[in-house]
Amino acid sequence: MWIEREALAAELPAAAALATRQLAETLASLGFPVDAVEHRPGTEVLDVDITANRGDAMSHRGLARDLAARLQQPLAPLAPPPVTEGEPRIPVSLPATACPLYATALLTLGEGRTPEAVQAFLLALGSTPKLLPAVDASNELLHRYGHPTHAFDADRIRGAVSVRMARSGETLVTLDGVTRKLTLEDLVIADEAGPIALAGVMGGDGTKVTEATRRVLLESAWFEPRVVRAAAHRHGLHTDASQRFGRGADPAMATVARDLLVQRLQDWAGATLEGAWTAGKPPAPPAPVDLPKDVLTRVAGEPLLLAEAAKALKALGCVVEAEPGHLRVEPPSWRHDLTLAEDLAEEVLRLRGYEHIPSVLPSLEGPPQPLSQDYLHRQALARRLAHLGFHQTVTYGFVSPEMDAAFPGPQGEAADDDRAGRTLANPLGLEYSILRRSLVPSLVEVARRNLQQGQREVRLFEIAPTFRGLSRGPAETWTVSLLWAGERWDADPESKAGPVRAKHLLGILKDVLKPTSQEVAIHPLEGGTFLAAEFPVQAFRVPDDRIIPTFTPHSRFPAVERDLSLVVPAALAWQAMHDTVRGALAGTALVALACADLYQGKHLPAGTKAWLLRLTFQAMDRTLVGAEVDAWVAGALAAAESLGAALRA
Amino acid sequence: MDHLLPPEIAEADHAFPEALAACGDLDALLRVKGAYIGREASHVARLMDLLKAAPKERKRDLGAAINALKNRWEEALKARQTELEAVKKAAAGGAWDPTLPPPLPARGALHPLNRLMGRLVEVFRPLGFHVEEGSEVETERYNFDGLNIPADHPARGSADTFYLATHPGHLLRTHTSPVQVHTLEKLSTHIQETGGIRFLAPGRVYRKDEIDPTHSPMFHQVEGMLVGHGIGMHHLKGTLEYALRALFGPATEIRLRPSYFPFVEPGCEVDVSCPLCGSKGCRVCKGSGWVEILGAGLIHPNVLEFAGIDSREWSGWAFGMGVERMAMMLSQTPDLRLFFENDQRFIEAMGGLD
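Going line by line, the protein sequences match chains E and H.
So that you can map any letter, position 193 of the first sequence is 193 in full-length UniProt numbering, and since no number is skipped, the others follow by simple counting.
So that you can map any letter, position 45 of the second sequence is 45 in full-length UniProt numbering, and since no number is skipped, the others follow by simple counting.
Check before you lean on any hint, since a few could be wrong.
In silico SDA-like cross-links for lysine to any residue, where the CA-CA straight-line distance does not exceed 25 Å [stated by the list, open to error]:
{"no.": "1", "chain 1": "E", "residue 1": "Lys503", "chain 2": "H", "residue 2": "His234"}
{"no.": "2", "chain 1": "E", "residue 1": "Lys311", "chain 2": "H", "residue 2": "His234"}
{"no.": "3", "chain 1": "H", "residue 1": "Lys70", "chain 2": "H", "residue 2": "Ala15"}
{"no.": "4", "chain 1": "E", "residue 1": "Lys181", "chain 2": "E", "residue 2": "Asp153"}
{"no.": "5", "chain 1": "H", "residue 1": "Lys186", "chain 2": "E", "residue 2": "Trp478"}
{"no.": "6", "chain 1": "H", "residue 1": "Lys186", "chain 2": "E", "residue 2": "Met1"}
{"no.": "7", "chain 1": "H", "residue 1": "Lys208", "chain 2": "E", "residue 2": "His238"}
{"no.": "8", "chain 1": "E", "residue 1": "Lys510", "chain 2": "H", "residue 2": "Ala106"}
{"no.": "9", "chain 1": "H", "residue 1": "Lys208", "chain 2": "E", "residue 2": "Asp153"}
{"no.": "10", "chain 1": "H", "residue 1": "Lys186", "chain 2": "H", "residue 2": "Arg141"}
{"no.": "11", "chain 1": "H", "residue 1": "Lys286", "chain 2": "E", "residue 2": "Met1"}
{"no.": "12", "chain 1": "H", "residue 1": "Lys88", "chain 2": "E", "residue 2": "Glu494"}
{"no.": "13", "chain 1": "H", "residue 1": "Lys208", "chain 2": "E", "residue 2": "Lys510"}
{"no.": "14", "chain 1": "H", "residue 1": "Lys208", "chain 2": "E", "residue 2": "Glu494"}
{"no.": "15", "chain 1": "H", "residue 1": "Lys280", "chain 2": "H", "residue 2": "Trp290"}
Just so you know, the hints here were simulated from the structure itself, not pulled from any lab data.
Produce the complete structure using the sequences and hints provided.
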């Protein structure tokens, strides 16, 4: 909201003496940060941020009130010459509870125009003067005092006026020329022919004031904030008026603003007042609020005198009665946000300045809780994967339908997953419309982009939830995905660069996954140039949380190593050989069985390959002798032969 | 004693350094070695003959002189041999070049946002804060109702919040604050035993913002909450002062300014003295010396009561911090989208691994 320095000083003379920076800092310390200061011809304007709870501060007068309380300086008096009310010239009825109060006046316009100074004021605030005094005066009053008013062309109003809820099928062309379809929840100002304004939001085009207007009917009312907010939202019409009524206008200002508007039309346009009257009465004031001393002391962090608090609250316009141990506070008519003791305590602290709040570390009242195992597990896993050469990514949780179809997810196609249950009702676009069941398609995109950017090798991982669309709603599973693409090279000129192969990713997975008898699935993508793997986080090894494991003794006797060079059928899997030989040598001193070399080539018979089995024997209690080792090796060979292996010549 | 030696030996000794220097390779050196200390027909061999023929009373002195000379020659020959061997090895190309890159272990990195969130947890850990987490799909009850957000608040609209198509009332959480409501509800049954709670809730949140240099439909927040007896604004200030000093350095100052969030009362914005310029005024703090870092306040009594906690007995504070915003400010990263592009160079440079 723009605030013009001179208009602010008109409400609070003491503000004139403040340097702009000082003014901005004072406003910020009161809760109204200044986003920008701009120079306009002959003056300066400040862009002030007003929080949603402070509709009362959305005017020069409103901010001046808070500044006056802080600076302990008087506000300029606000006393328009009172307008004598009489019998209604046009009947106004208020059948809807959302409008309890409606002050109005009927005037005949004379000659005259909007004063230069007012035009300059409106221009400084970024508002274009319409050069129609009734319109400009209403606009000027809104910025100066915060109470929205409206002037209708009285000659275009047909019959009596009522403020009522819209009826089914009614429409209204608003001032912006748009035809609005009204709903039963819209509060309207209507004449006998239908709606002439969307109450608190915008006037109607059919009754607007123009050059030709001779008589005006004023509107200065109070509307239920909730109703105005809903209408503004429904029609996408966020106007100066709807923002103020929507946050709660000051009911006491309704007649004052009407009187100010009458005065301006008389002064600027030579208008003649034909009558002024008010329908309804102000809404009931909010109940008084108690501020107990203990709440004030707790919130403030130090014992503040109730008398001091009373002084601050009075400065803000509250009526305060001191009672033993607490204050009984009636908030002023413009403050709808003061409903709790905490609200009042905040006001006291705000006026003192938050810089006076003491700084204290709260003491622990109970034992601190440990970090959860799940959290620690994920943190440790991320660090481990990063140490293994992978880069952690962060990608959006929603993907396009094509991406979603590309990969089934950490546990394959889930029978209970329904994509509709993972679909957003209002996505940013189709490409962000499905909550993803897998992280892999997102990693594929990231990898492609990295390769396009000239990276020769891409190693990525992400730890994030994946979703399943269940009938009761989406279920989330913390999921870990890895993707390895491009060329594998360790930067050593003597080692050869080559494409990454499945065994490389398998090596990483063996390091981080829990030992499993199941096959570890590696998914070749993009024609085999990308390798991906995905598992729920529970599949990964959990850091050992024992302080130190139980001692396991190791042998202090020498180990014996024996090699068997074998030719085996090409289709034979190492796991089969390993399990068979291990099984045959169960109960012996075999401590390790490794495939020390693999050879496949033209020197071997077709359909075979060569393995060098390395058997390591070691006993816990003695040095092994040659004969017993020889017997075990012979047993190993026999087991291997049972799988079709033969000693290599 | 050199006078004991014959003149031709003295002459050979004089020529010895030059002869050594003249050796271009090990073969030449072998020839010089043979000529001086070889078994036969060398200078030393001749001297040994001389020693045999010498009269008995001169043998002792002459022997000592010959030995000294021989040792000196041998040492010089050995030194020269070492030199020539090094030259030969270098010439053969077998020397290791330590300036060539060695085989490097693979190097990955944590994402900068995750690393920053991890750091925040570390900072609060000594104060007894643990981590609470929640799901990303939430209900209106936890995302709005339990946080004192009015039923007609614009943030609930489909223009601001992502809703699920087939499950009305289910949405993508717009802040980490629903974790407050869940945690307080869980806590309400045994708060007397725990004596309150203090936790952080880091996580991903969603808002319906178009992607541009300062907006993203998904971003990260870290929520902090403390509940105890008699908790006031001074505790919020004290805790944040400690934490932000631990994060930005001991000279850091903090500033609270009144503000408004529906789930706190009083509410405030918290600024820190600019960690980049030390409050002298720079581009990041726009010359003010302060940067806004988080929003906070005392937990609104309605939030405690909603979760079943008696707000007359218990009170607390909460804060919420935008992780990207803080990361961008500290790193002066010009574009939010860089954090979600995941260029490996960016992740390595900004996230890294300690």
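*Given the hint that Lys186 (chain H) pairs with Met1 (chain E), test it: the Cα-Cα distance must not exceed 25 Å.*
Judged against 25 Å, a Cα distance of about 42 Å means the pair is violated.
*Restraint status (C-alpha distance of Lys181 (chain E) to Asp153 (chain E) at most 25 Å)*: Given that 25 Å is the threshold and the Cα spacing comes to 23 Å, the pair holds.
*Under the criterion that the straight-line Cα-Cα distance not exceed 25 Å, is the pair Lys208 (chain H), Glu494 (chain E) satisfied?*
Between Lys208 (chain H) and Glu494 (chain E) the Cα gap is close to 52 Å, so the pair fails against 25 Å, i.e. violated.
_Restraint check for Lys208 (chain H) with His238 (chain E), where alpha carbons must lie at most 25 Å apart_ = Given that 25 Å is the threshold and the Cα spacing comes to 19 Å, the pair holds.
*Is Lys510 (chain E) close enough to Ala106 (chain H), meaning Cα to Cα at most 25 Å?*
Roughly 17 Å between the alpha carbons, so the hint for Lys510 (chain E) and Ala106 (chain H) holds.
*Pairwise hint evaluation, Trp290 (chain H) against Lys280 (chain H), where the allowed Cα distance is 25 Å at most*: It holds: about 9 Å lies between the C-alpha atoms, which stays within 25 Å.
*Given the hint that Lys311 (chain E) pairs with His234 (chain H), does the C-alpha gap stay at or below 25 Å?*
holds, 22 Å
*asked:* For a C-alpha distance cap of 25 Å, please report whether Lys186 (chain H) and Arg141 (chain H) respect it.
replied: With Cα atoms ~15 Å apart, Lys186 (chain H) and Arg141 (chain H) stay inside 25 Å; holds.
*Would the pair Lys503 (chain E) and His234 (chain H) pass a check requiring their Cα atoms to be no farther apart than 25 Å?*
violated, 58 Å
*Satisfaction of hint between Ala15 (chain H) and Lys70 (chain H), Cα-Cα up to 25 Å*: holds, 15 Å
*Within a Cα-Cα threshold of 25 Å, do Lys186 (chain H) and Trp478 (chain E) meet the stated pairing?*
Roughly 22 Å between the alpha carbons, so the hint for Lys186 (chain H) and Trp478 (chain E) holds.
*Do the alpha carbons of Lys208 (chain H) and Asp153 (chain E) lie within 25 Å of each other, as the hint requires?*
violated, 42 Å
Going through the hint list in order, the structure does not satisfy hints 1, 6, 9, 13 and 14.
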